[in-house]
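A.B. asks: Sequence:
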Amino acid sequence: MTSPPPMVDERAWQAQEQALRAAHGGVAGPDAATVADRRLLRALREPPLSPLPVDFAAEVARLAAPPAHARPADTRLERLLGAGLGIALGAAALVMGLEQGTQWLRAVAEQAPPGTLRFGVALIACVGSSWLIGLLPRSHSRGPLRH
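Residue numbers (my numbering): 24 to 170.
Hints listed in this document are in silico derivations from the structure and should not be mistaken for laboratory results. There's no promise every hint is true.
Have a look at the derived ranges for each label pair, beta carbon to beta carbon [to be verified]:
#1 A111 x S152: 26 to 36 Å
#2 S152 x L128: 18 to 28 Å
#3 E69 x E40: 53 to 63 Å
#4 P71 x E33: 43 to 53 Å
#5 E101 x E33: 51 to 61 Å
#6 S73 x R99: 44 to 54 Å
#7 E33 x A55: 15 to 25 Å
#8 R141 x L121: 52 to 62 Å
#9 L103 x L140: 38 to 48 Å
#10 R99 x S152: 55 to 65 Å
#11 G157 x G124: 25 to 35 Å
#12 A87 x L140: 55 to 65 Å
By construction, the Cβ of each residue, glycine as well, lies at the ideal position given by its N, Cα and C atoms.
Generate the whole structure from the sequences, applying the supplied hints.
C.D. replies: Next up, the structure:
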């Protein structure tokens, strides 16, 4: 039976221990990891410069919230351009479908294995019926039924 792998990286642990010993008067190593570990150790040992105010979270939330007098951005132009782009793409798809649709259908029909048409019709019927069911109005429940 094998033992589970250790949860702590042994090399990182040893580097931190070496930085701790160096901070207490031992010989300091010149590498950057030791310097960073020493700086972290010093920051953890010292108390914070000043305590946070009692209403710190409320103040940050107030600063992050938009001002009450600010108007929402006017997005009419973006909506108009988006609608125009959608109409242009739809028209282009319609024109391409009308021009080359018969060629595409003929090529697909030649490459499709037998029985694909029935599968496609069944798939379209399932998707269409799901869509139609989604359009039905939903009755709102009046609460739990009581016996």
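A.B. asks: Compare the structure with each hint and give your call.
C.D. replies: Here is how each hint holds up against the structure:
1. Here the CB-CB span from A111 to S152 is close to 32 Å, well matched to the stated 26 to 36 Å.
2. Checked against the hint of 18 to 28 Å, the C-beta distance between S152 and L128 comes to roughly 24 Å, which is consistent with it.
3. Separation of E69 from E40 is about 20 Å and departs from the stated range, judged on CB atoms against 53 to 63 Å.
4. Against the hinted window of 43 to 53 Å, the Cβ-Cβ separation of P71 and E33 comes to about 32 Å, which falls outside the hint.
5. A hinted range of 51 to 61 Å for the beta carbons of E101 and E33 is consistent with their spacing of about 56 Å.
6. Checking the proposed 44 to 54 Å range against S73 and R99 shows it holds: the Cβ atoms sit about 48 Å from each other.
7. Between E33 and A55 the beta carbons are some 20 Å apart, a value that agrees with the proposed interval 15 to 25 Å.
8. Between R141 and L121 the Cβ separation comes to about 26 Å, which falls outside the hinted range of 52 to 62 Å.
9. One distance hint, 38 to 48 Å for the beta-carbon pair L103 and L140, holds here, with the actual separation near 42 Å.
10. The given range of 55 to 65 Å is broken by R99 and S152, whose C-beta atoms sit roughly 38 Å from each other.
11. Under the hint 25 to 35 Å, the C-beta atoms of G157 and G124, about 28 Å apart, fit the expected range.
12. The hinted range of 55 to 65 Å is satisfied by A87 and L140, whose Cβ atoms lie roughly 58 Å apart.
Consistency with the previously given hints fails for numbers 3, 4, 8 and 10, ordered from lowest to highest.
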